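Position chain B relative to chain A; hints supplied.
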Amino acid sequence: MRAILSELRASLSRNTSMTISLIVTMSVSLMLASLGLLIQAQADRTERYFGDRLQLQVNLCTKNSPAATCVGGVATDEQKLAVQDALDSNPEVKSFSVRSPEDNFEQARELLGQTDTGRKQLETLGPDSFPESYFVTLNDPQDFDGVVSQVSGMDGVGNVNSLRELLGPLFEMLDKLQWASLGTALLLIVAAILQVSNTIRMTAFARRREIGIMRLVGASSWHIQLPFVLESLVAALVSAALAASGLAAFMHFVVYGYLRDTLGTITTWVRWQDAFVVMGWTTALSIVLALIPTLVMTRKYLNV
Amino acid sequence: MIRFDKVSKTYPGQKRAALDGIDLEVTKGEFVFLVGASGSGKSTFLRLILRETRPSTGNVYVAGKEINKLSSWKVPKLRREIGTVFQDFRLLPNKSVTENVAFALQVIGKSRQEIDELVPETLELVGLEGKGHRMPEELSGGEQQRVAIARAFVNRPKILIADEPTGNLDPATSVGIMKLLDRINRTDTTVIMATHDSSIVDQMRKRVIELNEGRLVRDEARGIYGYQN
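In the order they appear, the protein sequences are chains A and B. Heads up: the first sequence runs through residues 364 to 667, numbered per the working numbering. Heads up: the second sequence runs through residues 44 to 272, numbered per the working numbering.
In isolation and in its complexed conformation, chain A is listed as follows (with noise of 0.2 Å):
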């Protein structure tokens, strides 16, 4: 172990700047990867709190709703029912949920947590301030139009969003941003990729003579390729705490410096437990990247 352990050191000195353009190489893959995932997490987010990009929204009335159909106040259970049924009923319907007001004072707590001025509103509120919801998917989400004017004329009901019209911006915002993080982040890894074979390459031919006779006394394949795999690892996992590292940097100072504060408004912002199965999962990421190749490489060039 203690010769093995020796081997690497030298090996890791022997290509220091081979081995740091590797992990920077990585380091950068991983981080845009590490967004990419960090986005994917934010729209799935959003979407929890909205329900389904492609939704309506009916939301029934509460104490204070100003429309014209709310003069009785609170939406009574004989409303609520007579909506439901409409909606049963209705063929460009394929389904609903029903969200009540406890659930979305709940998301509104959440929400306007992020912000002062938001904590300052939520004294104010408590859950009869919202209404109950019914969260509608439409068997053709461009053809809203008969529902919306089915429901929103009926008793009881407060209004009628498209999520669609509301949100689509910011899905397509985050769709973008998500593709473009990836689609670089593979680029990147590709070059990874070369970037380890090729110092396996380089590593192999400076060790021929080493090896030659590792083969020749029958040192086992698993003890020649040891040091190349250690090598790798290495280099894998500081590239990924690296990485790890510029995600908190951003999630400290965009997500939680800028983003929950000024916009925090318009949706729920990805929190640091999201952050932390990004690291997890870019860390696994790291080093299937590292290994894989490392272990093709290896088998290629060293004949074990």
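Everything labelled a hint here was simulated from the structure, so no lab data went into it. Since we're looking at a predicted model, the values are computed, not measured. Heads up, a few of these hints could be off.
Said to hold, decoys possible - Under 8 Å between C-beta atoms, here's a sample of chain B residues computed to sit facing chain A:
| no. | residue |
| --- | --- |
| 1 | Gly72 |
| 2 | Phe74 |
| 3 | Lys120 |
| 4 | Arg122 |
| 5 | Val150 |
Said to hold, decoys possible - Here are the simulated DSS-like pairs of lysine-lysine, each with C-alpha atoms no more than 25 Å apart in a straight line:
| no. | chain 1 | residue 1 | chain 2 | residue 2 |
| --- | --- | --- | --- | --- |
| 6 | A | Lys663 | B | Lys120 |
| 7 | B | Lys49 | B | Lys222 |
| 8 | B | Lys117 | A | Lys663 |
| 9 | A | Lys663 | B | Lys112 |
What the hints assert, rightly or not - Partial list, derived from the structure: chain B residues whose beta carbon lies under 10 Å from chain A:
| no. | residue |
| --- | --- |
| 10 | Leu67 |
| 11 | Val69 |
| 12 | Glu73 |
| 13 | Val75 |
| 14 | Gly126 |
| 15 | Leu148 |
| 16 | Gly152 |
Glycine included, C-beta positions come from ideal geometry on N, C-alpha and C.
Relative to the frame of chain A, chain B by itself:
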């Protein structure tokens, strides 16, 4: 210990066979000279024993194993039974004599204790006691070959293969190396030595196997070199 059973070997893309119908046996503790012109098949013969390549037809048995059927993960184990020495010594220039010999044991996972015991013992056997701390470049050619022999023998293999071990050495030094190989042979180690050195073969009067264009043309129990280069 080693048996060739109607062995032929043709390398891909080559018309002429490197080895052609070789049939012979080397028993435990024998000392065998392998002679023949360059390209006669000596290297292929040795490579087959080491399982660096496989026969095209026929079977090779080494230390009780049929190398054709040996799966690749068992090859290292086979090679631990065989020590190998080359004309160009192949020492690691950045390691001392002791480290070079210990390397062969480290990479097969021997314990520190075994290494500390075996390495000085082997260095003494090859006549290098007290030179363990030297670097290869500080040694003469003969001494470097002794280090290489120590490295090949430190794990006490059953077979020692020497591929022209005296090819780079002057006659007087060569005699010393031959005495060492003879001493190793007396420990019941089978020695197979490929050589072009006629005076050594003539002096030692051991078994001589001569190859010519891949065919076995002579196998004498107490032979001489027998042909002019």
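Hint check:
no.: 1; hint: Gly72; result: 21 Å, violated
no.: 2; hint: Phe74; result: 21 Å, violated
no.: 3; hint: Lys120; result: 6 Å, holds
no.: 4; hint: Arg122; result: 4 Å, holds
no.: 5; hint: Val150; result: 4 Å, holds
no.: 6; hint: Lys663/A / Lys120/B; result: 21 Å, holds
no.: 7; hint: Lys49/B / Lys222/B; result: 33 Å, violated
no.: 8; hint: Lys117/B / Lys663/A; result: 18 Å, holds
no.: 9; hint: Lys663/A / Lys112/B; result: 22 Å, holds
no.: 10; hint: Leu67; result: 24 Å, violated
no.: 11; hint: Val69; result: 20 Å, violated
no.: 12; hint: Glu73; result: 22 Å, violated
no.: 13; hint: Val75; result: 20 Å, violated
no.: 14; hint: Gly126; result: 8 Å, holds
no.: 15; hint: Leu148; result: 8 Å, holds
no.: 16; hint: Gly152; result: 7 Å, holds
Consistency with the previously given hints fails for numbers 1, 2, 7, 10, 11, 12 and 13, ordered from lowest to highest.
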